[in-house]
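Visitor: Sequence:
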Amino acid sequence: MKTTIYILLISLTVVACSSPKNIPETSFPTQELSVENNDSCEYDLVVFDPRFETFLVTQPYPKEFYSNEYYRNWNQRYCVEWNIRHSNPIRYGDFYETQIPYDSTTDYGLDFNYKLYQYFQFIDKEYGIVLIRRRGR
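The sequence shown runs -16 to -1, 1 to 121 under mature numbering (1 follows the signal peptide of the UniProt record, and there is no 0).
Errors might be hidden in some of the hints.
Claimed, not checked - Derived Cβ-Cβ restraints for the label pairs, each shown as a range: (1) E81 with E53: 16 to 22 Å; (2) Q83 with E37: 28 to 34 Å; (3) I116 with R35: 17 to 23 Å; (4) N72 with P44: 31 to 37 Å.
If you are wondering where the hints come from, they were derived from the structure by calculation, not from laboratory data. Where is the CB? At the ideal position from N, CA and C, for every residue including glycine.
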């Protein structure tokens, strides 16, 4: 169980980010530089448990079933609880080896938020670890 959760969870593997503009090495401007807000980053979640990919493709609903905001709200709650358990290994054990630095103000995109949300569902179903008790379950 311990070896399957070497997640590097939300190491937020930055797959692609636009690179900064080339600045000549010989002269540095003394005026303020303007930053363009067209930085497009893609985030990817790397889960080292081989059963997760199977779990992910067998979900009955497509990722568009819920909104990105829905996934963001639940991910924020799950990550807070996960990090509480990570910071207290004496009480919760060593299952939560990696802290999840999830920032609710960052737009990770629907794909990432869906995958992270499904990871928490996977932990619930495969390992029986309920991070947050939800109504109707």
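Visitor: The structure should be examined with respect to each hint, and the outcome stated for every one.
Guide: Hints, one by one, checked against the model:
1. E81 with E53: 16 to 22 Å: For E81 and E53 the Cβ distance comes to about 29 Å; the hint is violated.
2. Q83 with E37: 28 to 34 Å: Once the Cβ atoms are compared, 23 Å apart, the range 28 to 34 Å for E37 and Q83 is violated.
3. I116 with R35: 17 to 23 Å: For I116 and R35 the Cβ distance comes to about 22 Å; the hint holds.
4. N72 with P44: 31 to 37 Å: holds, 35 Å
Violated hints for the displayed structure, listed by number in ascending order: 1, 2.
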